[in-house]
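Asks: So the chains spell out like this:
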Amino acid sequence: MPVDSKRICGPEITKNPYNFLINGNEKGELIINGKRRDGRKPDQARPLFLRPGLISQAKGSAYIEQNHTKVICAVYGPREVIRKEDFSMKGQITCEFKFATFSCKKKRGHQQDSEEKDYSVQLLEALEPAVQLDKFPKSQVNLYLTVLQNDGSALAASITCASLALAHAGIEMFDLVVGSSVRIHGNEILVDPCEEEEFHSNTNIGVDEGGVVLGLMPSINQISALTSKGELNFDTTSQAVKTCIQNCQKVYPVLQNCLVNSLKEKD
Amino acid sequence: MATSTICVPGQRILRTDDDHISGNGTYTRNGYIYSTLVGYVFTQTNDDGKTIVEVRSSKTQNVVPSEDDIVTARVTNVNARFCKCSILSIGKTKLQEPFRGTLRKEDVRATEKDKVEMYKCFRPGDIIAAQVLSLGDAQSYLLSTSENELGVVIATSETGGTMVPISWCKMQCTKTLSEEFRKVAKVQPQFIEYSS
Chain A
1 MPVDSKRICG PEITKNPYNF LINGNEKGEL IINGKRRDGR KPDQARPLFL
51 RPGLISQAKG SAYIEQNHTK VICAVYGPRE VIRKEDFSMK GQITCEFKFA
101 TFSCKKKRGH QQDSEEKDYS VQLLEALEPA VQLDKFPKSQ VNLYLTVLQN
151 DGSALAASIT CASLALAHAG IEMFDLVVGS SVRIHGNEIL VDPCEEEEFH
201 SNTNIGVDEG GVVLGLMPSI NQISALTSKG ELNFDTTSQA VKTCIQNCQK
251 VYPVLQNCLV NSLKEKD
Chain B
268 MATSTICVPG QRILRTDDDH ISGNGTYTRN GYIYSTLVGY VFTQTNDDGK
318 TIVEVRSSKT QNVVPSEDDI VTARVTNVNA RFCKCSILSI GKTKLQEPFR
368 GTLRKEDVRA TEKDKVEMYK CFRPGDIIAA QVLSLGDAQS YLLSTSENEL
418 GVVIATSETG GTMVPISWCK MQCTKTLSEE FRKVAKVQPQ FIEYSS
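Chains as they are written, first to last, in the numbering used here: chain A, 1 to 267; chain B, 268 to 463.
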């Protein structure tokens, strides 16, 4: 949507409220007395809530909630490819990732910005290896992800949510994909970081400061997506990947249970 | 035979051996059969005495047209060389969203192909039974009606009345009794299903 040029701006002496908010939050230690700011241990993930099938008009859908991180995903298709593209015997997946305008501390635009486009591509890369694309030649499956509230680890939550929605839509898959993210802070690895713990490239500078996001197909034990931010040593990265895999393995039974229960409820 | 076992994608069902074959909704990897869907596990014995393992989901199956499928389509556009249709259902499965199909002049009937006149075979709005010849190009699927059982099933006359077939190439309006040309399908009674 275009910017509303007729909107009345505030007086010239007004100060941006974000200046006060963001600076206040990013200062201070992440770990005090072995505990994180929200009282969690470094290796403790947030409680997880999953529910497939909320959006009635979509073929499949899912909702994930990790405290204040809330993501909803809708799957449509397999449907015809509308745009003229090359003939392909494989199916296609499209993915649209969007932060809702009200989801973050700072207001998001209506159009996808570069960060959201980047996340869309990463999501697509995480999910594509898991889907049996040869089952729907010449057609495409559309995924729409909306972050309703962002409190960190939105990409990891989205990966989990999207694979749940795909399974709910009855798209044939080799395996589910589970997402997990960690924040690396010196020697510490913080599992499932929230917004104030997440790595920001403009404020957290130094060696071994960064974040890793990983997508795992637990049953066939393959990593489908891996991204890291910040300046990390090899040892730290490999340790972070191991922690992520462990975390994914913990979440996997929850996903399985959730799908089994949703099928039982229907009958 | 149905079991009450529920599977999720990526779940290992059992080891493949000479007696077990992976069926719909499953795949084989490293000697094991895995599920690809959320659903119940079914086992069936085929003629060779082997057991086929299947996973069936309660959702309506995801279908896309594939070669040799019999489809039901609505004619949307007719010209001298081909007609365009939108595929409404594949076999017995109704599609949620239509796929585009093209029926070329030479695929209308099997005999006297060069004498086919498209305007005497189809009209926009006709419901036809057709077979998928190939996946076609990027835009549409290629259809064929070159069999007696395939062609126009339901049509309305120019005045809007329903028409009944009177020969393999003619239909008659039930109201005005006017005759119009169509490539009429000889619909097989065993394929007709009446919705309640």
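Hints listed in this document are in silico derivations from the structure and should not be mistaken for laboratory results. C-beta: ideal position from N, C-alpha, C; glycine also. Errors might be hidden in some of the hints.
Said to hold, decoys possible - Within a straight-line C-alpha distance of at most 27 Å, the following computed DSS-like cross-link-like pairs (lysine-lysine) qualify:
1. A/K90 / B/K351
2. A/K90 / B/K361
3. B/K387 / A/K135
4. B/K326 / A/K135
5. B/K359 / A/K90
Unchecked claim - Which residues of chain A face chain B? A few of them, derived with a C-beta cut under 7 Å, are:
6. E80
7. F87
8. E172
9. Q222
10. P253
11. N257
What the hints assert, rightly or not - Listing some non-contacts, in silico: residues in chain A with all C-beta distances to chain B over 10 Å:
12. R51
13. K105
14. E115
15. P137
16. H168
17. I171
Asks: Given the proposed pairing of B/K326 with A/K135, does the C-alpha separation stay at or below 27 Å?
Replies: Distance ~16 Å between B/K326 and A/K135 Cα, so the pair holds.
Asks: Measuring from the C-beta of A/Q222 to each C-beta in chain B, is the shortest one below 7 Å?
Replies: violated (10 Å)
Asks: Between the alpha carbons of B/K387 and A/K135, is the straight-line distance 27 Å or under?
Replies: violated (38 Å)
Asks: Does the no-contact call for A/H168 survive, Cβ to all of chain B over 10 Å?
Replies: At roughly 7 Å from the nearest Cβ of chain B, A/H168 sits no farther out than 10 Å, so the non-interface label is violated.
Asks: Was the hint right that A/N257 lines chain B, CB cutoff 7 Å?
Replies: Where the cut-off is 7 Å and the nearest Cβ of chain B is about 9 Å from A/N257, the hint is violated.
Asks: Taken at face value, is the distance from the CA of B/K361 to the CA of A/K90 at most 27 Å?
Replies: Status holds; Cα separation ~22 Å.
Asks: Less than 7 Å between beta-carbons is the criterion; does A/F87 satisfy it with respect to chain B?
Replies: holds (5 Å)
Asks: Next pair to validate is B/K359 with A/K90; report whether the Cα-Cα distance is within 27 Å.
Replies: holds (24 Å)
Asks: Starting from A/K90, check that the Cα of B/K351 is at most 27 Å away, please.
Replies: holds (24 Å)
Asks: A cut-off of 10 Å on Cβ-Cβ distance, and A/E115 was said to be off the interface with chain B. Does that hold?
Replies: At roughly 30 Å from the nearest Cβ of chain B, A/E115 sits farther out than 10 Å, so the non-interface label holds.
Asks: Mind verifying the non-interface call on A/P137? Its CB should be farther than 10 Å from each CB in chain B.
Replies: Non-interface label on A/P137 violated, nearest chain B Cβ at 6 Å vs cutoff 10 Å.
Asks: Holds or violated: is there a CB of chain B closer than 7 Å to the CB of A/E80?
Replies: Where the cut-off is 7 Å and the nearest Cβ of chain B is about 5 Å from A/E80, the hint holds.
Hints 3, 9, 10, 11, 15, 16 and 17, counting from the list given before, are not met by this structure.
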